[in-house]
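Q: Each chain is listed here by its residues.
Protein chains: 2
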Amino acid sequence: MTAPEPFRFPIAARYAGMESSPLKDIFALAARPDVVSFAGGIPDPALFELADVQAAYDWVLTHHGARALQYGVSEGELELREQAARRVSRHLPTTAEQIRITSGSQEGLFVAAQAMLEPGDTVLVESPTYLAAVQAFSVHGARMLGVETDDEGVVPEALEQAIREHHPKFVYLIPTFQNPTGRTMPLARRRAVAEVLLRTGTALVEDDPYGALSFTGTTYPAIASLPGMAERTLLMNSMSKLMAPGVRIGWIRAQGPMLDTLAVAKAAISMQSSVVDQLTVARYLEVCDLDAHVARVSAVYRERRDAMSAALAPVLPAGAHVTRPEGGMFLWAALGEGFDAQSMLAEAVAAGVAYLPGWSFFADSPDRSTMRLSFVTHAPEVIQSAIARLGEVVAAHGGR
Amino acid sequence: MTAPEPFRFPIAARYAGMESSPLKDIFALAARPDVVSFAGGIPDPALFELADVQAAYDWVLTHHGARALQYGVSEGELELREQAARRVSRHLPTTAEQIRITSGSQEGLFVAAQAMLEPGDTVLVESPTYLAAVQAFSVHGARMLGVETDDEGVVPEALEQAIREHHPKFVYLIPTFQNPTGRTMPLARRRAVAEVLLRTGTALVEDDPYGALSFTGTTYPAIASLPGMAERTLLMNSMSKLMAPGVRIGWIRAQGPMLDTLAVAKAAISMQSSVVDQLTVARYLEVCDLDAHVARVSAVYRERRDAMSAALAPVLPAGAHVTRPEGGMFLWAALGEGFDAQSMLAEAVAAGVAYLPGWSFFADSPDRSTMRLSFVTHAPEVIQSAIARLGEVVAAHGGR
Numbered sequence: 209m210t211a212p213e214p215f216r217f218p219i220a221a222r223y224a225g226m227e228s229s230p231l232k233d234i235f236a237l238a239a240r241p242d243v244v245s246f247a248g249g250i251p252d253p254a255l256f257e258l259a260d261v262q263a264a265y266d267w268v269l270t271h272h273g274a275r276a277l278q279y280g281v282s283e284g285e286l287e288l289r290e291q292a293a294r295r296v297s298r299h300l301p302t303t304a305e306q307i308r309i310t311s312g313s314q315e316g317l318f319v320a321a322q323a324m325l326e327p328g329d330t331v332l333v334e335s336p337t338y339l340a341a342v343q344a345f346s347v348h349g350a351r352m353l354g355v356e357t358d359d360e361g362v363v364p365e366a367l368e369q370a371i372r373e374h375h376p377k378f379v380y381l382i383p384t385f386q387n388p389t390g391r392t393m394p395l396a397r398r399r400a401v402a403e404v405l406l407r408t409g410t411a412l413v414e415d416d417p418y419g420a421l422s423f424t425g426t427t428y429p430a431i432a433s434l435p436g437m438a439e440r441t442l443l444m445n446s447m448s449k450l451m452a453p454g455v456r457i458g459w460i461r462a463q464g465p466m467l468d469t470l471a472v473a474k475a476a477i478s479m480q481s482s483v484v485d486q487l488t489v490a491r492y493l494e495v496c497d498l499d500a501h502v503a504r505v506s507a508v509y510r511e512r513r514d515a516m517s518a519a520l521a522p523v524l525p526a527g528a529h530v531t532r533p534e535g536g537m538f539l540w541a542a543l544g545e546g547f548d549a550q551s552m553l554a555e556a557v558a559a560g561v562a563y564l565p566g567w568s569f570f571a572d573s574p575d576r577s578t579m580r581l582s583f584v585t586h587a588p589e590v591i592q593s594a595i596a597r598l599g600e601v602v603a604a605h606g607g608r
Numbered sequence: 209m210t211a212p213e214p215f216r217f218p219i220a221a222r223y224a225g226m227e228s229s230p231l232k233d234i235f236a237l238a239a240r241p242d243v244v245s246f247a248g249g250i251p252d253p254a255l256f257e258l259a260d261v262q263a264a265y266d267w268v269l270t271h272h273g274a275r276a277l278q279y280g281v282s283e284g285e286l287e288l289r290e291q292a293a294r295r296v297s298r299h300l301p302t303t304a305e306q307i308r309i310t311s312g313s314q315e316g317l318f319v320a321a322q323a324m325l326e327p328g329d330t331v332l333v334e335s336p337t338y339l340a341a342v343q344a345f346s347v348h349g350a351r352m353l354g355v356e357t358d359d360e361g362v363v364p365e366a367l368e369q370a371i372r373e374h375h376p377k378f379v380y381l382i383p384t385f386q387n388p389t390g391r392t393m394p395l396a397r398r399r400a401v402a403e404v405l406l407r408t409g410t411a412l413v414e415d416d417p418y419g420a421l422s423f424t425g426t427t428y429p430a431i432a433s434l435p436g437m438a439e440r441t442l443l444m445n446s447m448s449k450l451m452a453p454g455v456r457i458g459w460i461r462a463q464g465p466m467l468d469t470l471a472v473a474k475a476a477i478s479m480q481s482s483v484v485d486q487l488t489v490a491r492y493l494e495v496c497d498l499d500a501h502v503a504r505v506s507a508v509y510r511e512r513r514d515a516m517s518a519a520l521a522p523v524l525p526a527g528a529h530v531t532r533p534e535g536g537m538f539l540w541a542a543l544g545e546g547f548d549a550q551s552m553l554a555e556a557v558a559a560g561v562a563y564l565p566g567w568s569f570f571a572d573s574p575d576r577s578t579m580r581l582s583f584v585t586h587a588p589e590v591i592q593s594a595i596a597r598l599g600e601v602v603a604a605h606g607g608r
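Chains U and A are the protein sequences, given in the same order.
Just so you know, the first sequence maps onto residues 209 to 608 in the working numbering.
Just so you know, the second sequence maps onto residues 209 to 608 in the working numbering.
Don't read these hints as lab results, they were simulated from the structure.
Only a predicted model underlies this, so the values are computations on that prediction, with no experimental measurement involved.
Note that beta-carbon positions come from the ideal geometry of N, C-alpha and C, so glycine has one too.
Any given hint could turn out to be false.
[As the list claims (entries may be wrong)] Footprint (simulated), chain U over chain A, 3 or more residues, beta carbon under 8 Å: (1) 251-258; (2) 339-346; (3) 478-487; (4) 505-516.
Only chain U is shown next, with the shape it has when bound in the complex:
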């Protein structure tokens, strides 16, 4: 007698072989208490305005408790859409009716994919780009193609050629303090990219979770705000990097009939976002000075960027290229020919420091010598000593 075969649930092809992921293993390693991790884009919890957030929850439950606990609407609660519209309107005139609330940017990307993508569609992305966006698009059966970038972001000529060759359903860009590179598209490049999209009749998904985290005081207009672009852009913002990731609130700015499709898709996916959290974020945005908070956070992040840049400079090999972001959370190092950041990682972790190997951020043709380093989680002195240890691992691998 043999035991019966255990039942296996049917698994859709989109998730076949994805039961475990190398990234999950990396994050598990990086979470070891003896490791200084630069792997995740994890805000420093010491910077959360906990008292303000707690006061906002308390106010909502005291003054609108029954409503906060009741069903809401798929579009999102009006107060939050008004606050979101007020912020977006700084660069792009926007009404509450043009905002759709999502449970963080990730759900925003997924909703956009649901609304637009068919299996076999092509999506053009920066090379490299945000890996979880690639996943949200890929599970819809889309083919992801990376477009050439330089220090100013996606290269317009390469973008136009790729659009004409591959007819993408949309282009996905993170123009400001990009994840993973930390690069920012200057205004002239934004205009050139907008012209390409207009000329080719292409839709844009513009992801802007970091734009407010500026170290220079300079903020950049969304590509969506350039002439002709608003009607063809889904502009995504998130409160995760500005207020707190744990509340999972973001939004999409859109216009036209697409707004209805986004609401229907959101309803199919999760009905609506937490009404408690939505009303709380609305209250927080109404009574707290988010700009002042973001300025404080940015000042701290800037010091940490400086610490990491300074620590990296002497320990990177001669041919290495490292970005010096003007804002955001991430710095990107390409060690150059002969280095493999993935295979170095075990030694780095043994030395008490972790990063994210860069290969995972490429839709295709990865540069395996790259790594993403988040500079926001740790204090400057912790960064300095951890980067010094990383330098020893790099030196042992490549010589200098």
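Given the coordinates of chain U, assemble chain A onto it according to the supplied hints.
A: Using the frame of chain U, we list chain A on its own:
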């Protein structure tokens, strides 16, 4: 010169033509202040334990504030998975590792669909069934087939025949206090259905948002808890109907490798559910007596079910069939030959009463004489007078 054509975003076929829905129009009508609406499954906010919920939020932000505002994990926070496992274990031994947290049942259904469905797959559902589940499955390109039901739920012989004929990816059932009919499968029927699923090697998605809302004290074991069924069932629970819909917390109980796929799918869709809400629900379940609360709510709902049943009996036409649910939120009336609940609705709304036409709950072959009436939102005297007005509309349509 002609104005340029406005840009149209590409819309995936799954959402084509869904920009507006007749149901959305119905809910808009039903929300008019002069209308007593039985359309939505809206808990009475007067029954929310607002003070307990507020205390739980406060405790979490006071004692675990930094963690509540930080990123969590896609599987869900451990404390909440432990509390969920404790509840599920009343009928089916379950560990925290076997729980995946979702943003309400709707996201649970969507996650299950993401994990399993390919375009062209068949899903078997009760006829009629919960319409938002149909939508979560349909947008994955699945073909929905309704299986014959009687007063004890899905008919086992019809289920087996449909499985053998159509080879569904899974069967979706709401065995207890079903939406929309209010019907409950007795234990013997559950056993017969389980035998069919075991014999045919079929997976089950078992949705149980209402099971605790019993008017008789009797609760029913999940089909998942019957011999052999745990390994082939995704069991879904929600806090929406028991604690509060606005917090958007539910869970899936599963076992085996599927647990990893569910976590990966959840990460692609929304990364993780609100950590604040998760920790708050965990705290609420730890320190509050949810069973006592549910007993109080059920006693009120029972009175309202009685009021609606009593009011309907004299005003329904001779050939009508109406359910008398032992729990849950909904009652289902089939007016019989010649009635069309959709076309009667405008007159009902004009008379100050709204319901949900039943056609929308059928995956195929709708009985257009049916309507779903939620009895939970209004007090008995409001129910009585509104049903009397509904009776006049029915009488005008069909004579008696």
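Q: List, from low to high, the hint numbers that the structure doesn't satisfy.
A: Violated: hint 4 alone.
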